[in-house]
Amino acid sequence: MKLFKRKKSHPEIIQPSGKQIVDSKEIDAEITKLQRYIYKRPQNQDTDAVIAHINKVRHVIEFTDEVWWKVMYPACTHPDATLLQWMFVQGATYQDSLTKAVLSSQIRAFEVIKQEIAVIEVILKHVSGHERQDFLDRILNNACWYGVLYAVEYLLSQGADLMWISDNGKTPLDNARIYGERFEDPLLYDLLIAYQERKLKKLGTKKYYTEIDWAGNHCYKRPN
0 MKLFKRKKSH PEIIQPSGKQ IVDSKEIDAE ITKLQRYIYK RPQNQDTDAV IAHINKVRHV
60 IEFTDEVWWK VMYPACTHPD ATLLQWMFVQ GATYQDSLTK AVLSSQIRAF EVIKQEIAVI
120 EVILKHVSGH ERQDFLDRIL NNACWYGVLY AVEYLLSQGA DLMWISDNGK TPLDNARIYG
180 ERFEDPLLYD LLIAYQERKL KKLGTKKYYT EIDWAGNHCY KRPN
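The sequence shown begins at 0 in numbering that gives the first Met the number 0 and counts up one residue at a time.
Warning: the hint list may mix true and false statements.
[Unchecked claim] Dumping the calculated DSSO-like pairs for lysine-lysine here, alpha-carbon to alpha-carbon at most 30 angstroms:
#, residue 1, residue 2
1, K201, K99
2, K69, K55
3, K69, K32
4, K99, K200
5, K24, K201
6, K201, K113
7, K39, K55
8, K99, K113
9, K39, K220
10, K169, K69
11, K201, K220
12, K113, K124
13, K24, K55
14, K39, K24
15, K206, K124
16, K169, K32
17, K198, K113
18, K99, K24
19, K169, K200
20, K99, K124
21, K113, K206
22, K206, K169
23, K220, K205
24, K113, K24
25, K169, K201
26, K200, K113
27, K69, K200
28, K99, K205
29, K206, K99
30, K124, K24
31, K205, K124
32, K220, K206
33, K113, K205
34, K124, K201
35, K99, K55
36, K113, K69
37, K113, K169
38, K220, K200
39, K169, K124
40, K198, K220
Note that these hints are calculated values from the structure, not bench results.
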């Protein structure tokens with residue numbers, strides 16, 4: 000997965016104009032197509048091309064909060080921090096369903112994790128107080144469940160709570176233990192225990208991404 004770079008300035012805020020789609024089924028179908036376009040980028044479109052395409056749709060559909068939330072989702076699952084920031088500038092607002100989109104990529108290469116963290120950094124600029132803390136804690140819970148070491152380290156540095164209790168009664172630390180048991184890889188759990196007991200000031204996880212995949216990305220390699 001490539002890093003997406005912006006080359007042009009942000010377009011002006013678009014207001015619906017011309018012939019607008021008003022039928023709810025047609026609107027839903029158009030939004031679904033747009034979501035797929037943002038996520039799949041069928042011709043490997045860069046961020047500028049995606050923004051231009053979104054603006055075409057904005058000429059025929061009113062972008063309510065609900066519409067923005069739906070198109071923000073693939074900007075998180077196919078992590079593109081520049082696109083997500085543009086959406087916020089254009090009027091999108093944070094919605095807690097985004098916690099399910101962040102860190103959802105099945106690609107666990109270090110380079111992709113950095114893109115996912117960049118998305119998290121954008122969201123953190125637009126939330127505050129309890130909402131910010133809740134976002135951090137939920138994402139940490141996900142990161143521990145999936146064993147994403149580098150993301151766990153970043154989230155802890157931002158104030159995420161290792162002992163936050165989720166709806167199922169589990170904490171991020173519990174999830175790290177469960178991950179270790181599932182995959183017979185206790186490294187994350189052991190690092191977090193040492194961190195919790197203040198034997199470690201930071202986790203130092205970057206050094207574990209030493210395996211090179213077919214695309215030249217750095218992937219996690221389990222220690223012997």
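K200 and K113 were given as a pair; does the straight-line alpha-carbon distance stay at or below 30 angstroms? holds (21 angstroms)
Does K169 pair with K201 here, judged by a C-alpha cut-off of 30 angstroms? holds (23 angstroms)
Are K206 and K99 close enough, with their CA atoms no more than 30 angstroms apart? holds (28 angstroms)
Please verify whether K39 and K220 have alpha carbons no more than 30 angstroms apart. holds (28 angstroms)
Are the Cα positions of K113 and K69 separated by 30 angstroms at most? holds (23 angstroms)
Has the given pair, K113 with K169, been kept, meaning a C-alpha gap of at most 30 angstroms? holds (26 angstroms)
Verify the proposed pairing of K169 with K32, using a straight-line Cα cut of 30 angstroms. Answer violated: K169 to K32 is near 37 angstroms, above 30 angstroms.
Quickly compare the C-alpha distance for K201 and K99 to 30 angstroms and report which way the hint goes. OK: K201 and K99 at ~26 angstroms, within 30 angstroms.
Just to be careful, I want the Cα atoms of K24 and K201 compared with a cutoff of 30 angstroms; is the pair within it? Not satisfied, since the Cα-Cα distance of roughly 50 angstroms exceeds 30 angstroms.
Can the restraint linking K198 and K113 be considered satisfied, given a maximum Cα separation of 30 angstroms? holds (26 angstroms)
30 angstroms Cα cutoff - pair K201, K220: Judged against 30 angstroms, a Cα distance of about 19 angstroms means the pair holds.
Taken at face value, is the distance from the CA of K205 to the CA of K220 at most 30 angstroms? Distance of about 11 angstroms is within 30 angstroms: holds.
Violated hints, in rising order: 5, 16, 24, 27 and 30; the structure is consistent with all others.
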